[in-house]
Amino acid sequence: MGGGNLGTSGLGGSFVGRFKERRYSLTLRRFWKSKMGVLGLLSILSFAFLALLAPVIDSKPGLLRPGERLTPPLESASYLLGTDSLGRNLLGLICWGARSAFTVIISASAISTSIGVVLGLVAAYYGGAVDSVIIKIIDILLCIPEFFLILLAVSMFHQQTLTVVILTLAIFSWMDVSRVVRSAVLSIRELPYVKAARLSGASDARIMFLHILPNALSPIIVIMALRMGDFIMTETGLTFIGLGDPNVISWGKTVNEGFQTLRVAPWVGTFTGLAIFLLTLGFNLLGDGLRDALDVKQRLT
Amino acid sequence: MRPERALVRISGLKTFFSTDFGDTVRAVDGVDLDIIEGKINGLVGESACGKSTLSLSIVKLLPSNGRIADGRILFSGEDLIRKSEDDMREIRGAQISMIFQDPTSSLNPVFRIGSQIGEAIELHRFKDEPKELTKKVVREEVTTILQLLRVPDAERVASHYPHEYSGGMRQRAMIAMAMSCRPKLLIADEPTTNLDVTIQAQVNELILDMVKKLGTTVLLITHDLGIVAEMCDRVAIMYAGKVVECADTSTIFKRSKHPYTEALLSSIPRVDIKHKRLEGIPGRVPSLVDPPPGCRFHPRCRYARAKICTQDPPTVEVEEGHRVACWRYTDVWESD
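Residue numbers (our numbering), protein chains in the order written: chain B, 9 to 309; chain A, 16 to 351.
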């Protein structure tokens, strides 16, 4: 344990050294101290690494090898995690699945965060009728279980490409971000420095995006990290039941197939499920770690 | 001496707030006030007498439940009340700027001091030019203004964040922000209330110095008569949403006419007189929702006469540049 501690703080020290601003370095130092957060980050980074290496690990993803069906793990040097019922390299499937998972997570959260931030900012900044309309939309969307809404939306498309999945995920998941941004902005907009900015002659847009938004970043970052974990679950859920892009290798599909051969080849479902579990856990731990590190109130103690 | 000219001429200004209970708070209720060009104009009054509301009315940055109900604010001959929000944005920061009470929360924690000071310059002087070209000029300008405020090592200070500095330094940064475009009018809303006394004196001196150098007109809002005596050329006394007396500072201190001013002055401890007991003003500040009829001060006034004082008092010019809103200086009072 002692060695591990030294290791992380040493890493933190050198990493921090490059940041001149004390404000950020303090946050970083606090983050490096939260072991769970770092663990989450490590999990995410290792999956990102696997996703990047996918073409190297398996240059022919999804290639059917009828002669090598259901090879158990570690039996052959070329298939470390074994093969599935169609003779596909499981490690390759997991790596390529990580690719599509990251594609979905990153694009969906970029889009949903943008929608959420803009609507939350506008609602809180202008208040009044604008605010009530946006709040009503959020309330209505939050009433319907998200997964079924997404399920319905995706199944309405004939061609369920990755883009369709990403857009649907994004469109039905910005509400949390909006609410977080709105509540943060409601308190920030009353601060004198916002008035000071207006007194300097700054426009509404400038005040919202330049003066208020940077001060509301911490909760946005935290909710983004936590949202990413949800995106993996929803995406794999969709592909598990057969929705989503049929031409893309995804974890949900692999788990489904593993589920069917669970008795004869338990490794297919187990390893892929483990991948889903670890990456989701990674994002959740990262989110929690960031929340602790960015919490201004705690910092005072 | 140059003839005195009003930079801002406020007449009949009424600014009201509506509350959640449906009441109307008459925070500023018919104020006439001239802000004399090139002078430091004091505005004195106790808490909640409408002095901050008056200043926010000038820049038209009232909270959402406030509105200007009536009156005119002539700034260099133009009525600010009729100006659109876009026009006001051009004026704010460039021609009229403001310093607030609390320098800590008036500076944005995520920006360097320099970029906050430079913002108004960027927004007004170089608004149509690309940022890359003007960056250096803006930075030089920021350094100049900080040096004018006697900030040591101005360039380094500009590159730091507000939390790295003390209250006095932050207040200087605030002043620099307000002065960066060399505005014609600077509204200072209790600029030194939150600072300790030694820093107060320093900051006041800096404001004085800077304003004299740049020829800025100042509206200094305070409740501290000591600061008024020290800094102001002219002073207006506000009570419950109205200006009750207005004169040169020395006149106010020597020959105050309004009973409220008198009471206010006699409630300051003085070293040259032996007080038995410091006098307060009896009664309470009237509610601005339902103010007393006529003269706002009459329920607490020792001279009040029930018949006359429940009528609105006229403003009487008792001597040149010395105006009092009180019935005692009218013929009606004598003949009654």
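Just so you know, these hints were derived from the structure itself, not from any lab.
Glycine included, C-beta positions come from ideal geometry on N, C-alpha and C.
One thing to keep in mind: the hints can contain errors.
Selected chain B positions facing chain A (in silico; Cβ < 8 Å) [what the hints assert, rightly or not]: (1) L53; (2) G75; (3) R77; (4) L78; (5) S115; (6) A118; (7) R197; (8) P200; (9) Y201; (10) A204; (11) G209; (12) S211; (13) H219; (14) N223; (15) G245.
These are the hints, each one checked on the structure:
Taking 8 Å as the C-beta cut-off, the interface hint given for L53 (chain B) is violated, the closest approach to chain A being about 27 Å. The beta carbon of G75 (chain B) is not positioned within 8 Å of any beta carbon in chain A (closest approach about 61 Å), and the interface hint is therefore violated. Look at R77 (chain B): its Cβ only gets to about 58 Å from chain A, farther than 8 Å, so that hint breaks. Hint on L78 (chain B) is violated. Least Cβ distance to chain A is approximately 57 Å, over the 8 Å limit.
Of the supplied interface hints, the one on S115 (chain B) is violated, with its beta-carbon coming no nearer than about 27 Å to a beta-carbon of chain A, more than 8 Å. The criterion of a C-beta within 8 Å of any C-beta in chain A is not met by A118 (chain B), whose closest approach is roughly 22 Å, and the hint is violated. For R197 (chain B), the suggested interface contact is broken, since its CB lies about 11 Å from the closest CB of chain A, more than 8 Å. Hint status for P200 (chain B): holds, given a least beta-carbon distance of 4 Å to chain A, under 8 Å.
At a threshold of 8 Å, the smallest CB-CB gap from Y201 (chain B) to chain A is about 4 Å, leaving the interface hint in force. With its C-beta approaching chain A no nearer than about 5 Å, A204 (chain B) sits inside the 8 Å limit, and its interface hint holds. The closest approach between the C-beta of G209 (chain B) and any C-beta of chain A is roughly 4 Å, which is under the 8 Å cut-off, so the hint is satisfied. Taken as an interface hint, S211 (chain B) checks out: its beta carbon lies about 6 Å from the nearest beta carbon of chain A, inside 8 Å.
Interface hint status for H219 (chain B): upheld, as the beta-carbon distance to the closest one in chain A is roughly 6 Å, under 8 Å. Because the beta carbon of N223 (chain B) sits about 6 Å from the nearest beta carbon in chain A, less than 8 Å, this interface hint is met. Hint status for G245 (chain B) relative to chain A: violated, with the closest Cβ pair at about 38 Å, above 8 Å.
Comparing the model with each earlier hint shows violations of hints 1, 2, 3, 4, 5, 6, 7 and 15; every other hint is respected.
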